[in-house]
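Top line first, the protein sequences correspond to chains W and C.
Under my numbering, think of the first position of the first sequence as 1, with each following residue one higher.
Under my numbering, think of the first position of the second sequence as 1, with each following residue one higher.
By construction, these hints were calculated from the structure, which means they are not laboratory data.
Check before you lean on any hint, since a few could be wrong.
Unchecked claim - A few chain C residues that face chain W, going by a derived Cβ cut-off under 10 Å, partial list only: (1) M76; (2) H104; (3) A106; (4) P109; (5) L119; (6) L265.
Where a beta carbon is used, it is the ideal one built from N, C-alpha and C, also for glycine.
Number of protein chains: 2
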Amino acid sequence: MTDNVIWHDLTTLNIEGKGWTDTRGFYDRLPARAEKIVRDPVWNLSRDSAGICARFTSDTTAIHARWSLRKESLAMVHMPATGVSGVDLYVRVGYTWRWLGIGHPATFPDNEVLLCTGLPEGTREYMLYLPLYNGVRSVSLGVPESASFEATPPRTTQPVVFYGTSITQGGCASRPGTCHPAVLGRMLDRATINLGFSGNGKMEKEIAELLAELDPALYVIDCLPNMTADEVAERAPELIRILRAARPQTPILLVEDRTYSNAFLHQDRAERNRSSRAALRQAFAEL
Amino acid sequence: MTDNVIWHDLTTLNIEGKGWTDTRGFYDRLPARAEKIVRDPVWNLSRDSAGICARFTSDTTAIHARWSLRKESLAMVHMPATGVSGVDLYVRVGYTWRWLGIGHPATFPDNEVLLCTGLPEGTREYMLYLPLYNGVRSVSLGVPESASFEATPPRTTQPVVFYGTSITQGGCASRPGTCHPAVLGRMLDRATINLGFSGNGKMEKEIAELLAELDPALYVIDCLPNMTADEVAERAPELIRILRAARPQTPILLVEDRTYSNAFLHQDRAERNRSSRAALRQAFAEL
Numbered sequence: 001m002t003d004n005v006i007w008h009d010l011t012t013l014n015i016e017g018k019g020w021t022d023t024r025g026f027y028d029r030l031p032a033r034a035e036k037i038v039r040d041p042v043w044n045l046s047r048d049s050a051g052i053c054a055r056f057t058s059d060t061t062a063i064h065a066r067w068s069l070r071k072e073s074l075a076m077v078h079m080p081a082t083g084v085s086g087v088d089l090y091v092r093v094g095y096t097w098r099w100l101g102i103g104h105p106a107t108f109p110d111n112e113v114l115l116c117t118g119l120p121e122g123t124r125e126y127m128l129y130l131p132l133y134n135g136v137r138s139v140s141l142g143v144p145e146s147a148s149f150e151a152t153p154p155r156t157t158q159p160v161v162f163y164g165t166s167i168t169q170g171g172c173a174s175r176p177g178t179c180h181p182a183v184l185g186r187m188l189d190r191a192t193i194n195l196g197f198s199g200n201g202k203m204e205k206e207i208a209e210l211l212a213e214l215d216p217a218l219y220v221i222d223c224l225p226n227m228t229a230d231e232v233a234e235r236a237p238e239l240i241r242i243l244r245a246a247r248p249q250t251p252i253l254l255v256e257d258r259t260y261s262n263a264f265l266h267q268d269r270a271e272r273n274r275s276s277r278a279a280l281r282q283a284f285a286e287l
Numbered sequence: 001m002t003d004n005v006i007w008h009d010l011t012t013l014n015i016e017g018k019g020w021t022d023t024r025g026f027y028d029r030l031p032a033r034a035e036k037i038v039r040d041p042v043w044n045l046s047r048d049s050a051g052i053c054a055r056f057t058s059d060t061t062a063i064h065a066r067w068s069l070r071k072e073s074l075a076m077v078h079m080p081a082t083g084v085s086g087v088d089l090y091v092r093v094g095y096t097w098r099w100l101g102i103g104h105p106a107t108f109p110d111n112e113v114l115l116c117t118g119l120p121e122g123t124r125e126y127m128l129y130l131p132l133y134n135g136v137r138s139v140s141l142g143v144p145e146s147a148s149f150e151a152t153p154p155r156t157t158q159p160v161v162f163y164g165t166s167i168t169q170g171g172c173a174s175r176p177g178t179c180h181p182a183v184l185g186r187m188l189d190r191a192t193i194n195l196g197f198s199g200n201g202k203m204e205k206e207i208a209e210l211l212a213e214l215d216p217a218l219y220v221i222d223c224l225p226n227m228t229a230d231e232v233a234e235r236a237p238e239l240i241r242i243l244r245a246a247r248p249q250t251p252i253l254l255v256e257d258r259t260y261s262n263a264f265l266h267q268d269r270a271e272r273n274r275s276s277r278a279a280l281r282q283a284f285a286e287l
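Can you make the complete structure from the sequences, with help from the hints?
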């Protein structure tokens, strides 16, 4: 018996990880109006689909994926194509989520893969993460014609917003599901909104004002790796003021930078870690 | 003051991770005569420099590296170029080793990078790991003319030999120093010999006979991910017999395969894990 594959466009599903619906491309991370507000590098990075995922429920025994990438460069020298440009499938098992299959990006712009097959019968909830350092023009999921396929109902909980650097965006995760905002989202079973901008998480006022439009359970501010101590001293108080004015009750988590792995021998790196942290603590103390 | 960089070819240093000196290429992992003995894929993979490293002692404040790669493909879709084709620098700190710098492979065949600079004064012991899934024709280290540069004396301890699959060879480590034989080598402060052959760690008799030529502290046999239960049942007893006959006192560690991350839902994968392990335990029980 042949069972035709029926394709479902991801835009018909419940998409998580988008802070705004008024985006230029469907899978952009900032609203269209941000193009004239934020610096060009931030705008360009906002078109990467980091942290965006789709949830669906199906009794399928096989799942196919098609996705069309925006940028021809599928990998970075220190990050594999699977993380930069791949799609990553998880399934809910009891109270947790488990990894099920990775879609290898082999060509530009279009890819089609069989993410899993031979699954035992049963209706399950799935989640597909999109590329971390590439953008997508379109994504579809394919299941056999006989299988059910429905959007999972939206969550009733507020999301967690992460604003940060390349590390937040997902550098250098092997798969889209293994960057820390995605891992934490599964652990907390909450939507997360990834506003990591590689090299460009700089606590800028225009980003602070965009963040203030959101209504999350928590703001995670994790910009120190992209900032000097002077920048932190200048910008952190204003960022916090803007968020606090808009969201008086929302917790704001100020994250210190990671210690550079080789800071024990590179005194300039150790000093950068030390001075940025001191500036952030000072900003907090003076609130 | 200009301080010229003096280049030192790695072949003048104490090289670790080579089981044989009678190799065709200096950085090959099997002896030249193996070309006519082992299957072609094993021979080709043996020319990747996985696990080979060089130890040196220097009072330099900067370290440059030049390396010439054998294969044009610098990365794999699921493994970054840094791990596949990079060089990776560690430094001894007290009783442990710490990471210091990665050489990004940017071009084929030749690369030159500054691995670290601005180090505080002091004589230190360093270790440079070579690419995991590429081979090298030549490698040189550069230090300022005024710096000392010497081979670290060879260790007096026996090495640990790892025979296995892609996982042993280093898939999919981000850097050459982060595959598990390298990590264990630093933890144990011993030389390790990486005889991982991606997709081709199959407990073959000809490899067993080559392994028997070595005189390690421990044989780690980690082939199950590349074998069926029938192959394990057929080959494990002979492999162990050959090693035991040649090295009556040397411990042999039989490693079970890792559970496939998605085996909880893919029954065929769970069954493969189960049956291979049963065959290995049976072989052990019947020794």
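For each hint given before, does the structure comply? Return the numbers of the non-compliant ones in rising order. Result: hint 4 breaks, nothing else.
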